[in-house]
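Chemist: Quick mapping for you: the protein sequence lines, in order, are chains A, B and C. If you use my numbering, the first sequence corresponds to residues 1 to 371, in order. If you use my numbering, the second sequence corresponds to residues 372 to 912, in order. If you use my numbering, the third sequence corresponds to residues 913 to 1218, in order.
No wet-lab data here; the hints were simulated from the structure. In this text, a Cβ means the ideal position worked out from N, Cα and C, and glycines have one as well. Where hints are given, some of them may not hold.
Cβ pair distances, simulated, as ranges [unchecked claim]:
1. A1030(C) to L141(A): 44 to 54 Å
2. Q478(B) to I1036(C): 50 to 60 Å
3. L1039(C) to A659(B): 45 to 55 Å
4. A659(B) to L75(A): 39 to 49 Å
5. A659(B) to V1196(C): 18 to 28 Å
6. V1196(C) to I195(A): 35 to 45 Å
7. A785(B) to P209(A): 18 to 28 Å
8. A64(A) to G756(B): 51 to 61 Å
9. V1127(C) to N210(A): 29 to 39 Å
10. K1021(C) to A659(B): 48 to 58 Å
11. E712(B) to N165(A): 20 to 30 Å
To give a feel for the contact side, a few chain B residues facing chain A, derived at Cβ under 8 Å [said to hold, decoys possible]:
12. A696
13. I698
14. I699
15. G737
16. L740
17. M742
18. I753
19. P754
20. G755
21. G762
22. L764
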Amino acid sequence: MDPADARPLDEPKPRPLTAVGLLARGIAAPSRDRLRSVGWTVISAAATAGVVAAILALLGANPATAFRALVSGALGNEFNFGQTVMITTLLALTGLAAAIPFSARLWNVGGEGQMYFGAFCAAGLGLTLPASLPHWFFAPLVLVLSALGGAVWGLIPGALKALINANEVIVSLMSVFAAILLADYAITVIWPQGIAPQTQDAPANTLLPNIWSGTLVTAGAPVALFCVLVAWVIMARTRLGFEIRAVGLNPFASRLNGMRVGRIAVYAFMLGGAFAGAAGAIAVVGIYGNLPTDFSGNFGFLGIAVALLARLSPLWILPSAFFFAILRVGSNGLQVATGLSPSVGEIIVATFVILLLAFRVIRLRYAEAAQ
Amino acid sequence: MMYTLTIVSFGEQREDATPEARGSIVMRGITKAYGATIANDSVDFELRPGEIHALLGENGAGKTTLMNILFGLVAQDEGEIVIGGEPVRFASPHDALARGIGMVHQQFMLVQNFTVAENVVLGAISKWNMAFRRAEVERGVQETAERYGLAVVAGQRIRELPVDAQQRVEILKLLYRGATILILDEPTSFLGPAQVDRLFGTLKELRDTGHSIVIVTHKLREVMAVADRVTVLKKGRNVVTAERGSFDERMLAVAMTGRDLLALPPRTKAHLDEAALFRVRDLVVHGARALHAVHGVSFDIHAGEILGIAGVEGNGQRELVDSIAGIIKVESGTVVLDGQELTGVSPQRLHAAGVSIIPEDRRVWGLVLDMTVAENLALAQIPGGDFSQRGILRWRDVRMRARELLELYDVRPADPDVPVISLSGGNQQKVVLARELARDPKLLIAAHPTHGLDVGATEYVHRRLLEVRESGSAVMLVSHDLDELLKLSDRVLVLFRGRVRYEAPVSELSMDEMAMAMAGTGGGAADAELAHVGAGGDPAT
Amino acid sequence: MSATQTTFALGISLMAPILWAALGELIVEQSGVLNIGIEGVMLIGAFVSAIGYHFVGSLYVGLLAAIGSGLACGLVLSILYVRLGTDQIVTGILFNVFALGFTTTLYTKYLGGGVSNAFGNLHIPGLSSIPWLGPILFDQNFLVYAAILAAPLVYYLVHRTWFGLYARAAAENPRAVESAGLDVWRLRYPAVVLGCMLTAVGGATIVLSTSGGFVAGLTSGRGYIALAVVVLARWNPYGAVLGSVLFGVAEALQFQVQNLGFLSKIPSDFVLMFPYIVTVVAVVFALGSRYPAACGIPFRPSAKSA
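Here chain A stands alone, though its shape is the one from the complex (with noise of 0.2 Å):
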């Protein structure tokens, strides 16, 4: 008897189902296994605030400094936190960008170069278009094409795995490399500003306005929160993100009913990448006000923990990037308290989230299905 077989029928709770219950499913267990998983997630968590601690001890910081200055650098003070606000808007975004492709099952581990590319156009459309449209006009449209740009980008091995099923995890890393590289040109040879390693800057009405007296948080923000809803809505109600979770989950049903895996790929993909773009222009446009070198903290690369932290949820995207901006800004903080590189940051986020998938308290869903 094959065990998969011999499943109770009793066991999943029916709940009605609504649109938000449809994406609660995806969210919370059945009741009856949720203390468990409570339990159990906690255990987790403890552990693995245990072992982020002795990784800190081992590079020679006190953990309990070094986690008062984390918090204290995130969230002490008003500026602060809207550093931490603004790195949750770009984590978001580049949140996004890992998780609708890897809903189709498609690796997009390229949201750093669609995220670069998008800077990129973002800071050569602001220096190019003629500065005297309007800026309600301007700053909106840079963010579109910017958004366009980083879909063009992530086009790239989206189009290449949907016509020959090129391995787009290798795609999708080159292109990282050749926007960071194309993005330096921009730096150094196209607009470059004197000495600075950064563009010229961009033109004032192109930027996004200060939404908050005292911080640096800009319009860039609910631009975010915007671009989250949005994908919500396209992964819970439209066809297309019906047909993106069910490739995802099964790409041959999917196929013999109907379904073309190939122009999914690439529209997931090209979504995925748009969020990035999206998210490259707000670094440009929304906070630093041109293209610096290494403007980057690897957010591209850290969207794909946020996305894992979500369970590629749109919704839980906004407070998983949140926790890890409160991470990665927070370590900044641990320069001054602790002489160590902002690049701890990197080491808690990777560890926590590797940990987390070792305590199976992140799971892929189809990756259990291929079992």
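Dock chains B and C against chain A, hints included.
Modeler: Just chains B and C now, kept in the frame of chain A:
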């Protein structure tokens, strides 16, 4: 109704000797549960040296679980295994193999890219540091094969072999390692009648040279043909154990199902006088492997007719279905349904043209297991543009439709919101049927629609297929199960190596000719081809 | 030497890191594990070799330290990939993020700006005086020769030993391997560990072949390129040698741009992009090259899944 023949149940042996003294393998009180489902409920089983023992039961009776426990693949919750008086516990197949117990699974455990020899020696030699000498290994494997009269060529790659040759490799794998106890799980599922005879011949020879063999099966005819003893399981429990001479088909059927043999359902005549509804002409498909290609197949199906497609696994059936379904490329030929040409069109256009498909493997091709029942029922309609208004899906309508279908097709639980993976195999198949039949197809292609289903669900599927036929649609039924084909079909066609080798109305059918067609014998050309491939014939001897 | 000759000689020496990594990845993938974390293992190997040299002052200590770091990475990754069965692509990418953060943090703390030393070139007598080809092929450091000699050894391991046979079976059909009484995990653990050790040597080769020492993010995608080389080579170690040469030469162009007339007009950023573009083209041309059937899919033994 109750048969009180000389049934010898376990524990009251006629001989004086205890099972231990005979050197038997004894399984006692084996219990195994998967969640709330009990696969084995205190099962007893004895395998004596030098016997062919059939383990008989319906799908889901717990036969495979019991044998997986004996082979160390699954750990029992309760109960003990005793070999020659000594209790044993197998943590893995490694331990079982060390005791001379080997198992051939229904789904073969072969590495497709490897040669016969490489597969045979897999795991047989544990000196990892040694160099692997291909020529030497191949010679050894070939010698062993010849010693046991198994026709295989050691240097051939598995993926080039037909299914019966792959099965011989599986048996050879065990013999090469010196296994004396062979467990074969549903060994005839994919074989034609001639190949079954040949397999049984091999098994009897092995028994006569001292091997003990367990055949797991649900086919009474096979028990009658080959078994020295039989143990019947029903719903995870022992029913009887009986010796040859003290069982017959009828008694076993009652023991296995709790009912008497079933009668054929009545049916109307097909509309044979009218023009054929579905026509396939000279269809050519290149399979993933040369063996599996389709070489110019033509047939007609009339309205209200079921055409059964018989053949040994891997003779082009899957490629035939997949190419009509728009999954793989058609090289040449035409496919016409009701005057509309559908050669090589996309699945979406097939749906629009009135083609429904019950695919071969519902878990892979039929359902998205992690999606809900409602989503699976709408799986084909949503890409077709239904249920959406300006791109926004109306989930309310999806669920309402699902509720209707669940009731109509008696799916349990009738809840549109549970993931389809939580349903039993039979109910999963009902979801596929509901989706595919609800759109009133002109043509229904059903590939192995009852594979792995229990008797109740199988009957349900049969009834539905006959309903589709009665409603005047054409039905193309592909199955390995000859009984099923003969029961449902109006006409049967045999595929061998991608060609039609035999075709006849069921009423005029000759079983002998059909068996010969499935084995590819009975024509000079085919024999030459066999010798060339070297797998179906006796190449080395 | 002509500019072309110099480019090729440089290309051969730049091939070595990629070849080591590709050979390591090949062993890993031929057991059924996809190690995207190859980039991180390389980076850690490079960093540790620089640390080893920095504190002890011997190139050989640097190399041994790198091998040790490969062993450590291999143990960690094999537990994640094999024992815990985490998703290999995601785990690998996150491991790379970890490695980047880890090496950068420690680099700023201990090594900042420290230079290294390099293994000298070994002129092979006779062969190195072959016209044109001699200086290209036979005037390299020992890590380059060793990488090329490692290819037949890897071939032997994968295709001519029982371990290799079983590991390849585990990459194609682990259920069959289990059913044959073998432990799939015990085949994959050593493959991952050994593969990571070779990969780490690849990272060390970058540091120990030039005197530039370590910088943050030194590997800059060479690990990922090695992934593509394995696909392009269709899991054949000799193919990996040829593939690595292709990328070595593509990389060498950036140092030779000014000497190669036809390239001198191209902006340096685009020349630097060259290896990445070649990788994408290679993946496109590797059309039909299929990963082993079970590669990248975690295996859970039947007896433990119930």
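Chemist: Each hint: holds or not?
Modeler: Comparing the hints with the structure gives:
With their beta carbons about 52 Å apart, A1030(C) and L141(A) fall inside the hinted range of 44 to 54 Å. Q478(B) and I1036(C) have their C-beta atoms about 55 Å apart, which keeps the hinted 50 to 60 Å range intact. For the pair L1039(C) and A659(B), the beta carbons lie near 47 Å from each other, so the given range of 45 to 55 Å is met. In this structure the hint that A659(B) and L75(A) lie 39 to 49 Å apart at CB is violated, the actual value being about 57 Å.
The hinted range of 18 to 28 Å is satisfied by A659(B) and V1196(C), whose Cβ atoms lie roughly 22 Å apart. Between V1196(C) and I195(A) the C-beta distance comes to about 40 Å, which sits within the given range of 35 to 45 Å. A hinted range of 18 to 28 Å for the beta carbons of A785(B) and P209(A) is inconsistent with their spacing of about 55 Å. Distance hint check: the CB atoms of A64(A) and G756(B) are about 59 Å apart, consistent with the given range 51 to 61 Å.
Taking the beta carbon of each, V1127(C) and N210(A) are about 36 Å apart, inside 29 to 39 Å as hinted. The given range of 48 to 58 Å is respected by K1021(C) and A659(B), whose C-beta atoms sit roughly 55 Å from each other. A hinted range of 20 to 30 Å holds for the C-beta pair E712(B) and N165(A), which are about 29 Å apart. At its closest, the beta carbon of A696(B) sits 6 Å from a beta carbon of chain A; the interface hint therefore holds under the 8 Å criterion.
Hint status for I698(B): holds, given a least beta-carbon distance of 6 Å to chain A, under 8 Å. Checking I699(B) against chain A by beta carbon gives a least distance of about 11 Å; that is not within 8 Å, so the hint is violated. Because the beta carbon of G737(B) sits about 6 Å from the nearest beta carbon in chain A, less than 8 Å, this interface hint is met. At a threshold of 8 Å, the smallest CB-CB gap from L740(B) to chain A is about 6 Å, leaving the interface hint in force.
Interface hint at M742(B): satisfied, since its Cβ lies 6 Å from the closest Cβ of chain A, which is below the 8 Å cut-off. At a threshold of 8 Å, the smallest CB-CB gap from I753(B) to chain A is about 5 Å, leaving the interface hint in force. Evaluation of the P754(B) hint against chain A yields a held restraint, the C-beta minimum of about 4 Å falling below 8 Å. Taking 8 Å as the C-beta contact cut-off toward chain A, the hint placing G755(B) at the interface holds, the least distance being around 6 Å.
Checking G762(B) against chain A: minimum C-beta separation of about 5 Å stays under 8 Å; hint holds. Evaluation of the L764(B) hint against chain A yields a held restraint, the C-beta minimum of about 6 Å falling below 8 Å.
Going through the hint list in order, the structure does not satisfy hints 4, 7 and 14.
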